[in-house]
Amino acid sequence: MREFLYYLRSVRAGSPSNPSSLLNPRSIAAVLALSAALGLASCKDKSSDTSSAPPSGGAPTAAGAPSSGGAPLASTAFDKPRKAEGDVKIKIITNGISPFWDSMGKGMDVAKNELKVDASWQGPRQPDNNAQKGVFDDAVAAGVDGIAVSPIQADAFTPVIDGAIDKGIPVICFDSDAPKSKRLVYIGTNNYEAGKRAGEGAVKLFPAGGKLVAFVGNMSAQNANDRYNGFKDAIKGHNIEFLQEPFQDDKDAGRARRNVSDAITKYGDKINGFVGLYSYNGPAIVDEVTKNNMRSKVKIVCFDGEPKTLENLKNGLVDVTVVQKPFEFGRLSTKLLFLLNRKGLKAALDEMKPELEKAGMTVKDNNIDTGVDVITPGESATKFLQQLKEKGLEST
Amino acid sequence: MSRPSPSGTQDALRAAAHPTGGGQNMMAAMLRSREFSVVAVLVALCLLMPFTSARDTFFTHRNIENILRSVALLSVFAIGETIVIITGGIDLSLGSLIAFTGMLMALLVTKLGANLVTGPAILISMVVTLIAALLIGGVHATLIHRLRLPPFVVTLASLLLLRSQSLLMNHQLPIPISDYPSLGALANGNLFDGKAFSIPYPILILIVVAVAAHFALSKLRIGRYIYSVGSNEQATELSGVNVYKVKLFAYGASALLGGLAGILWAAYGGQGDPVAGNAYELDAVAASVVGGASLTGGQGSVSGTLLGATLLYVIFSAINLTLSSPDLWRGTVVGGVLLFAVLVTALQQRRAR
Chain U
1 MREFLYYLRS
11 VRAGSPSNPS
21 SLLNPRSIAA
31 VLALSAALGL
41 ASCKDKSSDT
51 SSAPPSGGAP
61 TAAGAPSSGG
71 APLASTAFDK
81 PRKAEGDVKI
91 KIITNGISPF
101 WDSMGKGMDV
111 AKNELKVDAS
121 WQGPRQPDNN
131 AQKGVFDDAV
141 AAGVDGIAVS
151 PIQADAFTPV
161 IDGAIDKGIP
171 VICFDSDAPK
181 SKRLVYIGTN
191 NYEAGKRAGE
201 GAVKLFPAGG
211 KLVAFVGNMS
221 AQNANDRYNG
231 FKDAIKGHNI
241 EFLQEPFQDD
251 KDAGRARRNV
261 SDAITKYGDK
271 INGFVGLYSY
281 NGPAIVDEVT
291 KNNMRSKVKI
301 VCFDGEPKTL
311 ENLKNGLVDV
321 TVVQKPFEFG
331 RLSTKLLFLL
341 NRKGLKAALD
351 EMKPELEKAG
361 MTVKDNNIDT
371 GVDVITPGES
381 ATKFLQQLKE
391 KGLEST
Chain B
397 MSRPSPSGTQ
407 DALRAAAHPT
417 GGGQNMMAAM
427 LRSREFSVVA
437 VLVALCLLMP
447 FTSARDTFFT
457 HRNIENILRS
467 VALLSVFAIG
477 ETIVIITGGI
487 DLSLGSLIAF
497 TGMLMALLVT
507 KLGANLVTGP
517 AILISMVVTL
527 IAALLIGGVH
537 ATLIHRLRLP
547 PFVVTLASLL
557 LLRSQSLLMN
567 HQLPIPISDY
577 PSLGALANGN
587 LFDGKAFSIP
597 YPILILIVVA
607 VAAHFALSKL
617 RIGRYIYSVG
627 SNEQATELSG
637 VNVYKVKLFA
647 YGASALLGGL
657 AGILWAAYGG
667 QGDPVAGNAY
677 ELDAVAASVV
687 GGASLTGGQG
697 SVSGTLLGAT
707 LLYVIFSAIN
717 LTLSSPDLWR
727 GTVVGGVLLF
737 AVLVTALQQR
747 RAR
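Taken in sequence, the protein lines are chains U and B. For the first sequence, the working numbering assigns the number 1 to the initial residue and increments by one for each residue that follows. For the second sequence, the working numbering assigns the number 397 to the initial residue and increments by one for each residue that follows.
Bound conformation, chain B alone (with noise of 0.2 Å):
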């Protein structure tokens, strides 16, 4: 119920900022670190692997390569979730806002495919559709912060929004986009395709995200705002920090990321598909909380989000591959890595008080 207290934000700004600081206090720091318990953990799953029904499966190429897809997929759009949970809001319309911006992209692309060499039709798609997101972003950010509305209800109202637009878009139908091999491939091929090191686009995309997320996270100025608006916003905006525009930078990475996962998701399918990222976005807030992320706000790493999708991925793959009713354990088991991660974040709070 308490804030965290100023202390535990300078660590956490500090942390951000410099994760790796000197000597023992480093080691220290490491093993204390929420990364450090998730890569702990994933460590201690693919030990046990070789001793079940799936150590011939687990380990291959093709099932990593799957891991790696997935885990890019839901990253790409779980690393703008985080960002706003850092500045201590909440962006739930990403699931709705993956079905939107799919659905618009293949509805571009179908409209000006007809009329355009296909390149330029693709790019011309993207563009929009990733400056779409970016306005509804912008739109989320100043009724939050001009209105003063809660994120909770601002983007709640977006999720039931957006999904009803993508249904009304093409009557309920999805909308095919397999005429665009070269679309499909950015979600489904690979680079080094057929070699032992094949690399997922995806996961070249995520990487780019990734890093520069990370770095406008602990390098730019912009990223300490983001964590001092999370950690006391009053006294953020009282030191003259021009609060709104941190926040426009936080939903608005959140709704491009969300649209670029929605050109990926429907790359990924062949199709901008209505019903598609159904309740996704609770999957990226479970990422990002596992990472370490707090809903308080304040805390919370592109790398602990990345480490807590795989966690999840890893997870789900360990699961079908073993047991032969796989999906009736499947929310027993991410229940209660979920209901762990908080718990071990909790204490490590008290420790540190």
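For reference, chain U alone in the conformation it holds in the complex (with noise of 0.2 Å):
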């Protein structure tokens, strides 16, 4: 950092004539250790702009780790009506920009109008926890009546929830949850579930057994782990194996499609099949596969839906995609604050449940877990995908 400062120094102080000498041996470790800054802060952008990973992003608390069932109601204060009648102002903080925001936005859009209530939301302009603090600091300064946020760093931000709600402000978790925070709903996908739900898939495709390859942004995630282990557990003792741990690729679209070129060239025939468990794996997977012309020989199972895998799976090269639902959490979050503005915590979620479960979710004390589609070629595509023209969404 001193080397920064004393490039910023020399910025300031030297000779603007001669530019080259800024960058002196000194302050080149300044300028590789920024940059590697920003590229490290850019990278965490794209695990949520390629919506894969909505989630935790790192975040050492599991959003749908099975274990993490409900804590006990964490006030009573909020079973009271807070504000019976009147505008009620919520705002909804992602934990960055992405296109799977994009559909939670328009999730958000729905209740807005269907209630009348005042929603906007926003996201941290760098994925970081401090950024995302401002944001939310800045929420509870414009004085709302109601936070749904996904943190970047659940312990961390766990002080910060716990803040708004001693000050009155009702705040919930959606997609990635803070579970030891005094948040008084979790609504998101549990990506065990998920993986499990894409491991089926696959033994479906494997009648006889099979080898796959996986690949994956970092396994550092939470949500990766959840999804991978969920996956190995629904293919326990169907003969399905994995040829060895996932290919990483860090969020870059380029060395994710490298990687399952090597994948192809280190193993060959002996592939069964691919599995791609962040959302731009599955498209990687794809060109590269159609590139090779492996297609008849091999299965794609993948996650979540890009524009490229919802045109893939039209096209029938993808055999299971299983797609999260951002369009939910951004309509819940906003209809389950704006409800609880008026009735209280508890009535607002027993209005809500017969609802939730009609739609095959499961409500498990404060736990939403919105599920997720599993979606193949045929019917069940053509299916899916006009239900999301009708949403106005272009990916999920």
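Do not rely on the hints blindly, as some may be mistaken.
With a Cα cut of at most 25 Å, we get these calculated SDA-like pairs of lysine to any residue [as the list claims (entries may be wrong)]:
| id | chain 1 | residue 1 | chain 2 | residue 2 |
| --- | --- | --- | --- | --- |
| 1 | U | K232 | B | L724 |
| 2 | U | K291 | B | I601 |
| 3 | U | K291 | U | K314 |
| 4 | B | K615 | B | S635 |
| 5 | U | K204 | U | Y267 |
| 6 | U | K297 | B | D589 |
| 7 | U | K291 | B | G515 |
| 8 | U | K291 | B | R458 |
| 9 | U | K291 | B | K615 |
| 10 | U | K291 | B | I599 |
| 11 | B | K591 | U | M294 |
| 12 | B | K507 | U | G392 |
| 13 | U | K83 | U | D162 |
| 14 | U | K391 | U | G316 |
| 15 | U | K297 | B | A581 |
| 16 | U | K389 | B | L724 |
To give an idea of the chain B side of the interface with chain U (calculated C-beta under 8 Å), a few residues [to be verified]:
| id | residue |
| --- | --- |
| 17 | T453 |
| 18 | N459 |
| 19 | G666 |
| 20 | S720 |
Please keep in mind that the hints were generated in silico from the structure rather than gathered at the bench. Only a predicted model underlies this, so the values are computations on that prediction, with no experimental measurement involved. Yeah, the Cβ is synthetic: ideal placement off N, Cα and C, and Gly gets one too.
With the hints as a guide, dock the two chains, each given alone in a separate frame, to form the complex.
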């Protein structure tokens, strides 16, 4: 850091007639350090951008770990109506900017128009904890009546959430949980279950067993681990196995492609199936498999609905894709925070429960698992794409 | 900390202008050159491969083709970065520029393709994209030279600006261009496809770019000025050289090649991708530095950068094909190679003194 300050000083004081002198060896360290930091920051960006990983983006707490089930209701203070009439102002805070959040925003808009509530969403400019805290603090200062947040670092964000709760502002988590905080409800995908559903899809595709390779952004992210473990648990005992640990690409689409190519080089015809754990891994697999004319010999299982994945689905180039419901994250968060203000927490959950369960979602204590859709080519794909179109979504 | 000595500069100039001297001197110079040490490491790596678990896969046709394609996709813009580095500057905008130009091209081609015949639509989109890239380079050079702003900050601002503009272009969504297979073939296709000696198209593009850049740097006056600006800008300016023009050339070339890379990356992935190219400018810097470029300016070469890029991807491929958790080792190996390269340079310079 000192190197960087040194660099800045030399910029200010320095001889502007000779900018090249600014790049002396000492400041090179600063150059590289800073650009590395920027690179890292934007790398994280990608995690959310590609929607794959909406999720916890490395948050240490399990968004959907099987065991993260409901903590007892933190506070009864919210069981009474908070604002029985008048305008209700709601803020939804994402972990960054991405197409995934675009779908979420469309869901928010639906609830907003239906309930006549003043709702808006915002992501931190940089996907880091402090930037997100800034957005959160602004919302608190603006006097909103409810906040839904997808914390980037659950543990670091816990005191922030608790502070708002203590001030009487209802806070819920969506997409990624902060289970140790006093947040009132968690709405999101159980990634372990999502992985399990994908694994069950694989079991159907390989009745006699098979060998697979998996691709992912970072295995250090909780959502990646949950998906992978769920998948592995589902294929246990079905003679299906992975040839090696997943190839990782740091959320770089170019590297994702090269990894698939290297996997084909490394294992060739030994591979019976490809698994793309993050959203952009699906398209990378399809591109490389098509290029190598392997489509007829292998099966492809992937996650999420990037525009290209939806196109591949239409053309029958993937066999299974497991999609989350970001649209519902936005719609349900808005609706719940509104009802909570009008009627209190318990009454709000009770009122929403039948609707949620009818839609195949699981409500347990104060956890709402929005579930996933398992889409296969053909009728299921046509129906799914039609539904997306009706909601005005280009991806999910 | 010290600037390269004038004699060192002369050496660099001479070495750049006449890569081959004569007789024994030539031999000694070759052994000392960075290109030679990179080739030595490359050869050592290749000799090692038959003794690893990748013995049957590393030298396969498809792996070599894959490495070549990756090297080409990186080198195309790393060469531009090298030219800027030789002038003593740096271009940090390249990663975002790749996303921006890729998005721009995809946007144009889908809009134009709706009304025009495919061929002209693709051609016009590419030309407009390259012109836009060139203009961005021109703005960089002007801000850096006319307003005396540091290259680091100017191109850093571009890095942020262009990324955000790419995200804004289609509401953060990628723009698929799979309806234009000829465009995809530009990056994914091969010359003599299916034959034993199939050559990825990006390699052909790279050859044209590399030959042109090498020619400009070693045979043209502008090339000598580029090295000279990097060695001692004030002296160059005082001797009557129009340094602004030199920088226009350098930053223009860098941005133009970044735009070309943006088109190729979009073609490669079948979509304009607003999050493409993240931190790729650092790969370009790494390839240049491994290839002998010095961030203090005045040193670097096209052949060095090509070898640097090749070494990087040969290492990536070797790691991927041998280790079962390759990605955890990647940074260690690449960081090690980078440090080693800089160390070798430092030692060579010390001995030269």
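Hint by hint, here is what the structure shows:
Proximity of K232 (chain U) to L724 (chain B) is assessed by CA-CA distance (about 21 Å); at most 25 Å being required, the pair is judged to hold. Restraint check for K291 (chain U) and I601 (chain B): satisfied, since their Cα atoms lie roughly 20 Å apart, inside the 25 Å limit. For the hint linking K291 (chain U) to K314 (chain U), the alpha-carbon distance of about 18 Å falls within 25 Å, and the restraint holds. Distance hint between K615 (chain B) and S635 (chain B) is fulfilled; the C-alpha atoms sit about 20 Å from each other, no more than 25 Å.
Between K204 (chain U) and Y267 (chain U), the direct Cα distance comes to roughly 23 Å. Compliance with the 25 Å bound is thereby established for this hinted pair. Between K297 (chain U) and D589 (chain B) the alpha-carbon distance is near 21 Å, which keeps this suggested pair within the 25 Å criterion. The straight-line distance between the Cα atoms of K291 (chain U) and G515 (chain B) is roughly 23 Å, inside the 25 Å bound, and the hint therefore holds. With a C-alpha separation of about 11 Å, the suggested pairing of K291 (chain U) with R458 (chain B) holds against the 25 Å cut-off.
Restraint check for K291 (chain U) and K615 (chain B): the C-alpha separation of about 40 Å exceeds 25 Å, so the hint is violated. This hinted pair checks out: K291 (chain U) and I599 (chain B) have alpha carbons roughly 18 Å apart, not beyond 25 Å. Our distance criterion of 25 Å between C-alpha atoms is met by K591 (chain B) and M294 (chain U), whose separation comes to about 18 Å. Under the criterion of a C-alpha separation no larger than 25 Å, the hint pairing K507 (chain B) with G392 (chain U) is consistent with the structure, at around 20 Å.
For the hint linking K83 (chain U) to D162 (chain U), the alpha-carbon distance of about 20 Å falls within 25 Å, and the restraint holds. The straight-line distance between the Cα atoms of K391 (chain U) and G316 (chain U) is roughly 23 Å, inside the 25 Å bound, and the hint therefore holds. With a C-alpha separation of about 23 Å, the suggested pairing of K297 (chain U) with A581 (chain B) holds against the 25 Å cut-off. About 41 Å separates the Cα atoms of K389 (chain U) and L724 (chain B), which puts this hinted pair outside 25 Å; it is violated.
Proximity of T453 (chain B) to chain U holds as hinted, the smallest CB-CB distance being about 5 Å (cut-off 8 Å). For N459 (chain B), the interface hint holds, since its Cβ comes within 8 Å of a Cβ in chain U; the closest pair sits about 5 Å apart. Nearest Cβ of chain U to the Cβ of G666 (chain B): about 6 Å, under the 8 Å cut. The hint holds. The interface hint given for S720 (chain B) holds, since its Cβ lies 5 Å from the closest Cβ of chain U, which is under the 8 Å cut-off.
The earlier numbered hints that this structure contradicts are 9, 16.
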